[in-house]
Amino acid sequence: MVNSNGKKSMLKVILNPSRLLGTLAVISLSAGSALAQAPEIALGAVVPSSGPFAEWGRSNSVTLKMLEKQTNDAGGINGAKLKITILDDGAKPAQAASSLRKLAGDEKVLAVAGPLTSSAAEVTFPVANEMKVVATSQASSKPGVAKLNRPWAFRNTIDEGMLAKTTVPYFKKAFNIKSVGIIFDAKDATAATVGKAIMPAALKANEIAIVNESDPLSFNTGDLDVSAQVTKLKSLNPDGVVVSADYSQAITVLREMKRQGLIKPVVGATQLISSAILKAAPEIPIIAPATFFATMKGEAAEKFVTNLQPLLRKESGLPAEIEPSMYDANIYEIVSMYIDAIKKSGVTGKPADVEADRAKIRDHLAKLEGFQGLGGPIGFNDDGDAIKAFYVLQGQNGAWDTKVRGCSSAPNHAGC
Amino acid sequence: MSTYYASLFAEAGILLLGALSVYIILATGQLSLGNAAFMAIGAYLSSYLTVELGMPLTPALTVSAIAAGIIGVIVGFPALRLKGIYLAMATLGFGEMMRSFFINFPAMGGSGGFHGMAHISVGYIWAWAGGILVVLILVERSRVWLEMQAVHDDETAAGLVGLNTVAIKVGAFGIGAAVAAISGGLFAHHHVYIEPANFGFERSIDFVLATILGGSTLGLGSLIGAILLVFLPEFLRPIADWRLAAFGTLLILVLLVRRQGIVDRTLLRGLTFRKAAS
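In order, the protein sequences belong to chains X and A. Just so you know, the working numbering puts the end of the first sequence at 421, numbered straight through with nothing missing. Just so you know, the working numbering puts the end of the second sequence at 443, numbered straight through with nothing missing.
Same shape as in the complex, but just chain X (with noise of 0.2 Å):
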């Protein structure tokens, strides 16, 4: 309670513009006193916000920064505010690189969400063995790729090798497809080694013929006409199609499969994720597996679209129909993953602990198991990827349906 001396200076306060200035001086000082001796947990992100696969790099800047604000609001971390910093690689290998010599370097990040492509990583995951700081990718899945930079390196994601052993006999079985043809994107590491290795690996395991294996079908990424490679798609008269591409080259595909009535069943990679996909040629069949997607059951991932889809329509500056991608799911997973081991595992967050805290953090994501993810626990095989659920789905009319359950299980570890 303010007694009528104060209530008479407080007066004399307002009334002077100068002692109003001081007063207001000195509150803004000790404010931004305090602000500055609140303890901060540093992460850092690698995304591409500008470039080729600008989409998602936008969408999981808009993730981020929903997490951070969600964790602040709720407390922050042990204490502590969390602040992400999050820098745009252009999807381009050598920005990514520099990008987290930046985090981790000038930074002083204690882990790194990011970079989302394969080559982005695996010009990155070296620098973070060098700078021994972890790094978790979001989105590459071309096998063995941590694998190579342990123990630093991980992915929040699975092998497409192991998701294809899945993938291929659901669209055998369900389509009775006894021949396919392949076309994929040449210039795209991830869809290149799944066109040419995984894929035509996984088809002979289930005795389904290729038709174009003398004579594979490429295109590059930014092509726009198709029409070539359709026609002679068209002409081999496979029962099936595998399209392995980005889902925004692989729409180029299915719009020009739509133009010239070829209308068979399309079988892909994580890749072809996207709800943008299923509007290019509804009446095409799409199979692809996926460890998320918008339209997911469960409370964790129907509470994380409902948060996430309307600050994506308002802020990433996409097209008024975005939805939470997988990435959006895997990216949120990994900072939250980040957020769990420095409340479990001692991290001080202090600059002289950095190197400790770093340690820490890679210790505790190397025994994490049964984390609480999206769509069910997740934990780490030895490779550094991720153990975790997936979903083989169906998109037809516009819509994603999930067929099959799966784990991207590993020996001595648990499931999902």
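Zero decoy hints are in this set.
Here are the in silico distance ranges between beta carbons for each label pair:
#1 A:Ala283 / X:Lys137: 16 to 22 Å
#2 A:Ile235 / X:Glu374: 55 to 61 Å
#3 X:Lys263 / A:Gly258: 29 to 35 Å
#4 A:Leu218 / X:Gly420: 43 to 49 Å
#5 A:Ile235 / X:Lys372: 50 to 56 Å
#6 X:Lys74 / A:Val300: 51 to 57 Å
#7 X:Lys263 / A:Thr431: 55 to 61 Å
#8 A:Leu218 / X:Lys355: 45 to 51 Å
#9 X:Lys349 / A:His284: 32 to 38 Å
#10 A:His284 / X:Lys302: 42 to 48 Å
#11 A:Asp406 / X:Lys302: 33 to 39 Å
A short list of chain A residues far from chain X (calculated; beta carbon distances all over 12 Å):
#12 Ile231
#13 Gly249
#14 Ala292
#15 Leu301
#16 Glu312
#17 Ala332
#18 Thr414
Hints are computed from structural coordinates only; laboratory data are not their basis. C-beta: ideal position from N, C-alpha, C; glycine also.
Place chain A on chain X using the hints.
Structure of chain A alone, referenced to chain X:
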């Protein structure tokens, strides 16, 4: 110097060599949009020599430069029939051809890329980049460079005064290819991973842009261009989403104000208080 700035200087050194490879060819009046292909040859060959055959890096780079130089000479001969935009299109085609070759070359990993190189320091990169730049600045003061300039200014007149224009143009292609190959070898051993997508059309454009932005009449211009192209986008990071737009705007403004590039002989004379030759 922090490891972040060291990595940016390493990138600038690699880009400088790529820009010099374009500059050397441009000095004879030829524009190559395919120098990323020579860079790819250097990257893959030097990586093969160091990883598979255990050769030390310096001789591996030398062998790669010689091999790329020979290929450059071979490419240079058919290019003699072409000029201007037609030559640019032909070299662009060569670049795409080489990229496709490496995509379908499983011995070096194909589209999956190639690993196993040992990481090199920024000092090693700049020993090569600085050394080649110094040699080029010395060559710029030699008779050979005057002959190249003569071919650049008027090929017919140069031929009429007895210069071997074929040897000069093809030689420039060979030397340019060798310098690009060294850039590729250093790139491969700096990033310790290469894939065909690293050596696409965009890379060749970066080389040309660094040369034109910095100044296409002096080797020193490539140095300025390479440093600007690497550091400017990084310094513009605080403006987040607008940084690439701001970078593009700055490039346009620079080229509007100085069409000849940032550095030219007049500016250099002004900076060094030298008088123009009468």
